[in-house]
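Chains A and B, in that order, are what the protein sequence lines are.
Last residue of the first sequence: 200 (UniProt numbering), numbering continuous.
Last residue of the second sequence: 370 (UniProt numbering), numbering continuous.
These aren't lab readings, by the way, just hints derived from the structure by calculation.
Do not take every clue at face value.
Some chain B residues well away from chain A (every beta-carbon gap over 10 Å; in silico) [claimed, not checked]:
1) D10
2) H208
3) E274
4) P282
Partner residues aside, some chain B positions facing chain A, computed with beta carbon under 7 Å [stated by the list, open to error]:
5) Y192
6) G194
7) L215
8) Y262
9) G265
Simulated restraints, written as ranges between beta carbons of each label pair [stated by the list, open to error]:
10) A/G38 <-> B/S207: 36 to 44 Å
11) A/E73 <-> B/Y223: 31 to 39 Å
12) A/E73 <-> B/E269: 21 to 29 Å
13) B/S22 <-> A/G110: 27 to 35 Å
Treat the numbers as computed from the prediction; the structure is a model and nothing was measured.
Note that the Cβ used here is the ideal one computed from N, Cα and C, for glycine as well.
The residues making up each chain are set out below.
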Amino acid sequence: MNEKVIAVVTAGLTTPSSSRLLADQLADAVRDELSGRGIGTRIELIEVRDHAHELTDNLLTGFPPAKLREVLETVTGADALIVVSPTFSASYSGLFKMFFDVLDDQALAGKPVLLAATGGTERHSLVLEFALRPLFAYLKALPVPTGVYAASTDWGPNAAGLRPRIAQAAGELVSALHHETPTQADPFENPTPFEDLLNS
Amino acid sequence: MQFGVFSVGDVTTDPTTGTTVSEGERIKAMVRIALKAEEVGLDVFAQGEHHNPPFVPSSPTTQLGFIAARTSKIILSTSTTLITTNDPVKIAEDYAMLQHLADGRVDLMMGRGNTGPVYPWFGQDIRNGIQLAVENYALLRRLWREDVVDWEGKFRTPLQGFTSTPRPLDDVPPFVWHGSIRSPEIAEQAAYYGDGFFHNNIFWPMSHTKRMIELYRTRFEHYGHGAADQAIVGLGGQVFMRKNSQDAVREFRPYFDNAPVYGHGPSLEDFSRETPLTVGSPQEVIERTLSFRESVGDYQRQLFLMDHAGLPLKTVLEQLDILGEEVVPVLRKEFAALKPAHVPDAPTHASLKAAAERARDLETIEEPIR
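Model the full structure from these sequences, guided by the hints.
Next up, the structure:
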């Protein structure tokens, strides 16, 4: 059976975290959506917290330690991403941003992304639109139109309102999977001939 | 195979004592290190060029000229000469001059410099780094090889009927290495000209080094300079040694933890695993260094970084004693035993001069036939 790899990047800090809870629900919804279309799913879950030290090391040394390198390769090799950040000081968290800072700025080009965030109050819900969406637009990823924001109340009295948003976003992500991800030219496989460098 | 040291020339506070040497003390310490390198039998002393604190060596040929006067065997080199922000005319002049003073004991390593703010101080822009390296070096080669040069390019005022003086010693330009950590364009440049390629190799996983050297070797062969395994490769390395491994780790850790570049990041153990950094006994350094060959093939030059992060001069000189007495003699023997006969040594002034004379003789013999 045809299988899609969905990398889920969640940057919650506590265990359990509401970001992880949202990430799991989004991943399940995407799996259901894909299976409804006869496609298998492999979910690769990445808790950014587990790599906090390695991310700092990468920023300071300029290269990812071996374990982080594997994780980054999982993300860049996935067919689509689900990303979830807690809202800190009116934006994504610093740790969330660090994960995407150490990726090559072309690494997510053309990749469908489902944007999601959590927060204490629904007053922060536009964080998806003014913080996450521009970040992924810069990275030339393809964020789907519906982002999912979950405030504390969405886990209680408003839970019924959250479910359709999750289903809507999951459907959009799966529809976006038909996009061909452009493959990057490898400058080591095909180096620019020196005469071209001299004449450029 | 050549062995040597390369110095960045940083003034860093010794984290164990809080002492910071003066610029003058650091400059004199670098000289002392170069003299010691010759004394313990190393082949190469290379120094960096920097135009911003906390680094002192802004004027490498002044320093190398001073060292040349006080040494007789060691090759003086750079790590690196900034081909982007220096005027190639001045590089041509300075290093030809140094060649004469040092009786040919000179080669250079070209580098771009990765400090953004330095470029505009010299009227340049870091975004043009590759183009600057390509154009400036093309001019530099002509200045050393043609007595009168007419030239026009993008980055420098044109030259009309210009002669760079003095002419290179014996009309043999210094051998050039190109250093780059991850720009395939620079490996390509080195391969195109049949020049040497040096990978700094420290601070990075060996996989980066391997990839760059492989590209350089393949393209060296592509451009017809010889087989891939005959390309001229140099590597860096970073070591700290004591008789007992644990003593080396204990003594070096505070320097590691507070070092410029990687300090306050990974642990010494992680960094030693991920990069070629080796802190331990001389035997461990020998084994690690020999393992580089397995990644990049037989190579011609191995330089060690010994004097950064605030290590006191006394310690650095002790390290050089260990390197010269216990490590390099073993490495020389082991590497030589492994190297096939068709793999050349790194070019020196003497070998380049002999090659030029052979080429001239061939021309004279062929002339009557034409």
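Hint check:
{"no.": "1", "hint": "D10", "in the structure": "16 Å, holds"}
{"no.": "2", "hint": "H208", "in the structure": "7 Å, violated"}
{"no.": "3", "hint": "E274", "in the structure": "6 Å, violated"}
{"no.": "4", "hint": "P282", "in the structure": "26 Å, holds"}
{"no.": "5", "hint": "Y192", "in the structure": "4 Å, holds"}
{"no.": "6", "hint": "G194", "in the structure": "11 Å, violated"}
{"no.": "7", "hint": "L215", "in the structure": "5 Å, holds"}
{"no.": "8", "hint": "Y262", "in the structure": "5 Å, holds"}
{"no.": "9", "hint": "G265", "in the structure": "3 Å, holds"}
{"no.": "10", "hint": "A/G38 <-> B/S207: 36 to 44 Å", "in the structure": "39 Å, holds"}
{"no.": "11", "hint": "A/E73 <-> B/Y223: 31 to 39 Å", "in the structure": "33 Å, holds"}
{"no.": "12", "hint": "A/E73 <-> B/E269: 21 to 29 Å", "in the structure": "24 Å, holds"}
{"no.": "13", "hint": "B/S22 <-> A/G110: 27 to 35 Å", "in the structure": "55 Å, violated"}
Going down the numbered hints, you'll see the structure goes against 2, 3, 6 and 13, while the others check out.
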